[in-house]
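Chemist: Protein chains in written order, with our numbering: chain A, 1418 to 1766; chain B, 8 to 604.
Some hints could be false.
[Unchecked claim] Ranges of calculated distance between the beta carbons of each label pair, as one might list FRET restraints:
(1) A:Ser1498 - B:Glu84: 44 to 52 Å
(2) B:Val444 - A:Glu1472: 50 to 58 Å
(3) A:Leu1446 - B:Arg423: 24 to 32 Å
(4) B:Lys9 - A:Leu1446: 32 to 40 Å
(5) A:Val1502 - B:Val444: 17 to 25 Å
(6) A:Gly1685 - B:Tyr328: 26 to 34 Å
(7) B:Val444 - A:Asp1728: 50 to 58 Å
(8) B:Thr580 - A:Lys1429: 25 to 33 Å
(9) B:Asp542 - A:Gly1685: 30 to 38 Å
(10) A:Leu1743 - B:Glu84: 25 to 33 Å
(11) A:Pro1431 - B:Glu83: 38 to 46 Å
[What the hints assert, rightly or not] One side only, chain B facing chain A, incomplete, derived with CB under 10 Å:
(12) Glu84
(13) Leu191
(14) Ser454
(15) Gly512
(16) Val514
(17) Cys521
(18) Gly535
(19) Met539
(20) Leu548
(21) Glu552
(22) Cys571
By construction, these hints were calculated from the structure, which means they are not laboratory data.
Even glycine gets a Cβ: it sits at the ideal position worked out from N, Cα and C.
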Amino acid sequence: MTYIKPSFRHPKAPVNELGWTRQDYEGGLSTLCAGCGHDSISAAIVDACFQLNIEPHKVAKLSGIGCSSKTPAYFLSGSHSFNSVHGRMPSVATGANLANRDLVYLGVSGDGDTASIGLGQFAHGARRNLNMTYIVENNGCYGLTKGQDSATMDTGSVNKKGDRNVSSPMDVARLAIEVGATFVGRSFSGDKEQLVPLIKAALSHRGFALLDVISPCVTFNNHAGSYKSYEYFRSVKEVMPLDFVPVREEITASYASGTTCEVRMHDGSLVRLTKQDSDHDIEDRQSALQAISHYESQGKVLTGLLYIDRDSEELHDVLGTARRPLNSLTEQELCPGSRFLDSINAGLR
Amino acid sequence: MKPTNIKDPEYFHKVVDCQYACPAHTPVPEYIRLIAAERYGEAYMVNWESNVFPGVLGRTCDRPCEPACRRGRVDEEPVAICRLKRVAADNKGDVSAAMPVAPDIKKQGRVALIGAGPASLTVARDLAPLGYEIDLFDDQPLAGGFMRSQIPVFRLPPEVLDEEVGFVLDLGIKQHFRHYVASLGAVLEKDYDAIFVGTGAPRGSDLSIPGREEAGKHIHIGIDWLASVAFEHLSKVGRRVLVLGGGNTAMDCCRTARRLGGEDVKVVVRSERAKMKASPWEIEDAMAEDIPILSNHVPKAFVHEDGQLKGVRFTLVDVVYDADGNRKLVPTGEEVFLEADDVIIAIGQDNAFPWIERDLGLDFGKWDMPIIDPVTFQSTNPRVFFGGDAAFGPENIITAVAHGHQAAISIDRFIRGEDVADRPAPGVTLVSQKMGVHEWSYDSAVSPEDRFPVPHVDKTLALKDRKVEVELGFDRAVAYREAERCLNCDVQTVFITDKCIECDGCVDICPTECINFVPNGDEADLRGRLRMAADEPGQDLYVSEALAQTGRVMVKDENVCLHCGLCAERCPTGAWDMQRFLYQVTKAGRSCNQSTR
Ligand SMILES: Cc1cc2nc3c(=O)[nH]c(=O)nc-3n(C[C@H](O)[C@H](O)[C@H](O)COP(=O)(O)OP(=O)(O)OC[C@H]3O[C@@H](n4cnc5c(N)ncnc54)[C@H](O)[C@@H]3O)c2cc1C
Ligand SMILES: Cc1ncc(C[n+]2csc(CCOP(=O)(O)OP(=O)(O)O)c2C)c(N)n1
Ligand code: SF4
Ligand code: SF4
Ligand code: SF4
Ligand SMILES: [Mg+2]
């Protein structure tokens, strides 16, 4: 068994604007099962951060418990990291984010960690529009505890033991739209062409960005009859191709209206997408929910950018917090003196 | 692209860059693994089978394998393949039991070999065990050809050469030394079934500029001078020596001169340093012995007084390239005079066949060279075969050996009445290296270490005595670490399309981004569409059949694959397997796929 990835890389491996190679964004060698979709998502995160020229030490990666939640060990080894208790990653992210708004917050979770034990925390993180990217690595089961059905398991899907699931599934994307997330996408671990730009867009979004990424569990949920297997999901996904154009790049082609549309992000970058359904207005909550249902009724799953609210207020705006991270505030600012205390007290009289 | 046919032995052969580049196709990674396992004797025999002179070549080979080595494409320097070969030879122990024996009764036929250099000795080695009676002729007192008369003893100790020449001569070869063959016609009249000409390229080029005759006593032709030193007809040289020429012969001349009393020895070349023909390591070794190299000096005249050489006058030139890239030496107008007591001319070597009559049905072509079939080495007289430097001009030992093997095949087939053009297929095996879930029977981890330098003997000691070998060779511990730098390129990544579920695991883990799943296209299109553009056209793309789920194909750029096996470890279904590929050039008398080990 190889525990160390060779140090050699392609001699022509590109460097990004910071002068760093993709290798600088890698993490430890994964211990997940060979072929796990989660590893592909890690690779997509590496690609996205490399391409976005993000400095790894400006990223805080957070997770809960699960195979998916183990993955922050396998990417961005130069970033801040917090592996919280099961389902509690959103609270830790909230606290960290309030303390230091200058970092890029990237949460990685599973369908169990998010839709079962962590459902409440997840919903409140979305509702508060916490400025973070939240990726659910969705395999329809509890991989780490040997493959029990999770809350996202589709009705009718057969588990490894041969039992058909009768409960109805939780759709985290729908839920996120409902409760107030301002960026919601869905993708597939086996489609990096779509996944990488989607992660880049999510990281560039200001506010709560939820990505529901179907990520087959090769060991417990990749058999015939499973609705979350590589083969099955490939057969039902309806792909909305998309492209991410960073701020600095000149926008060359401009598209006529119709199925192709461009969305200008808050930071000036651009998402260009080809919609499968011209009625789908991705800036309208109801329309997004309708599009999801529309495909579902045809036995399909729509992947791509489902919903975006570009100009929302994130949690810091709502709370009117300090503009600078707490750790950079001096004693003078934190303890401005009795004159200010007096004025506050006066306001309470 | 069409799916790659991995059943074609040449496909994976090409992936083993070193072996492919070796004229004799020595299975390099195979013997390097044996060295790492401290199985030196076996490592030696793997070499001996294919290159006949591992001890000699481990010190002197031109090593075309090293610039080809994959490690050189991902790391600063290639594996020290050549010096590891020497480790096998130095530590082999007694290998006599592994050596073939020649049958006492020789009834296959009679073969004459003219010249006793590496080419002829290889023919002898391949044919003697098959029962051929072999007569070996050479004008020198001992066998070895240029390996003995040209390569200085400080690079190749005579004991090493004697032992390996001995392994061949011991196969019952009839030896006729100090025997100059003055007429091929006369040999043809004897009842030999076949004749092999391995007489090398024995004539050194001269430089006819003013003063050449008058000062001739102290002007020497490089290869003649080296031979005189080798056979101890000459043991001294003047204090100030100029060596003209920039090839390996010049390097051997200047370093020899340093050991024979030359204190102020200079190498002088006509053109730029970068255009020197000598191997970089030979130049390095010469410079380490305080021998400066003067470039852009064109010799104009030997200056002499009363028949006594005084030195050489040179015109300085600028090197200019015209629009078509042709090089021109344009005189700057400046002249330089360099004093010298002796001058050695080492500017090239030619073939010469004064002893071959031109009415033997053996045709000569351009530059008065015999017309030789490049595959069979047969001349236009079907009974006469050529090889080594005699065939296509001066090359090196390993090329002579490779020619010898092929000529032996031809001679054997010719004598048995078979079609000489019908060549035997190589022997190939492809075996999975899987031992357990993630366990391989080869060391798949990639060593990050830099190439280890070979230690040299103390310089003052070396310069005092011509017979002191300069390179000391790796000790076993360093050899192990150097051997671990080998990437095991013969352990092939074999892709089984039906098993792949397109999970991308292999794509994500591959450190050098070799693996891609993409829609098919033609080669040029595919090369541009991969994760990393495949811009080494000499390195093949491995393309699968269309995959079940998406109809895409797997495309692997072989260029910088580390053979680390991570793809196979990461594959959930065993669609990748690491399989050891052994390619053996078939030798005379062996049918295809008959392994020698
Ligand atoms: C100075 C020098 C250094 C070299 N160093 C290296 C090196 O480090 N590594 C390397 O790989 N190569 C080296 N070479 C090249 C290498 O020696 C030759 O390419 C190789 O030896 C050629 O082998 P061969 O069998 O064709 O003939 P040779 O080795 O040239 O042997 C031919 C033999 O035939 C004899 N002969 C010729 N005509 C007749 C005749 N009519 N009758 C009887 N005998 C005859 C010759 O005397 C000679 O002994 C060097 C060459 C020179 C000149
Ligand atoms: C508080 C608590 N309850 C239960 C567990 C057991 N447990 C560990 S991982 C896991 C489910 C993980 O599922 P998911 O988030 O989908 O991750 P996956 O392994 O499928 O990627 C559970 C229930 C736990 N670790 N902690
Ligand atoms: S159990 Fe499933 S989710 Fe966990 S690592 Fe293995 S394949 Fe991935
Ligand atoms: S062996 Fe596999 S993983 Fe390793 S470099 Fe080659 S293709 Fe990549
Ligand atoms: S890891 Fe194996 S199954 Fe997965 S894509 Fe590669 S070859 Fe196919
Ligand atoms: Mg799960």
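Chemist: Look at each hint and say if it fits the structure.
Modeler: Status of the hints after comparison with the structure:
1. A:Ser1498 - B:Glu84: 44 to 52 Å: About 37 Å separates the Cβ atoms of Ser1498 (chain A) and Glu84 (chain B), which means 44 to 52 Å is violated.
2. B:Val444 - A:Glu1472: 50 to 58 Å: The hint (50 to 58 Å, Cβ to Cβ) is violated, given that Val444 (chain B) and Glu1472 (chain A) are roughly 38 Å apart.
3. A:Leu1446 - B:Arg423: 24 to 32 Å: About 57 Å separates the Cβ atoms of Leu1446 (chain A) and Arg423 (chain B), which means 24 to 32 Å is violated.
4. B:Lys9 - A:Leu1446: 32 to 40 Å: Cβ of Lys9 (chain B) to Cβ of Leu1446 (chain A): about 35 Å, so the range 32 to 40 Å holds.
5. A:Val1502 - B:Val444: 17 to 25 Å: 32 Å, violated
6. A:Gly1685 - B:Tyr328: 26 to 34 Å: At 49 Å between Cβs, range violated.
7. B:Val444 - A:Asp1728: 50 to 58 Å: 52 Å, holds
8. B:Thr580 - A:Lys1429: 25 to 33 Å: About 31 Å separates the Cβ atoms of Thr580 (chain B) and Lys1429 (chain A), which means 25 to 33 Å holds.
9. B:Asp542 - A:Gly1685: 30 to 38 Å: 34 Å, holds
10. A:Leu1743 - B:Glu84: 25 to 33 Å: Violated: the Cβ-Cβ distance is about 51 Å, outside 25 to 33 Å.
11. A:Pro1431 - B:Glu83: 38 to 46 Å: 20 Å, violated
12. Glu84: 13 Å, violated
13. Leu191: At about 52 Å, which exceeds the 10 Å cut-off, the nearest Cβ of chain A leaves the hint on Leu191 (chain B) violated.
14. Ser454: 9 Å, holds
15. Gly512: The hint holds - Gly512 (chain B) has a Cβ within 10 Å of chain A, the shortest such distance being about 5 Å.
16. Val514: 8 Å, holds
17. Cys521: 8 Å, holds
18. Gly535: 13 Å, violated
19. Met539: Constraint on Met539 (chain B) satisfied, holds at 5 Å.
20. Leu548: 15 Å, violated
21. Glu552: Glu552 (chain B) check fails; min Cβ-Cβ to chain A is 17 Å, beyond 10 Å.
22. Cys571: 5 Å, holds
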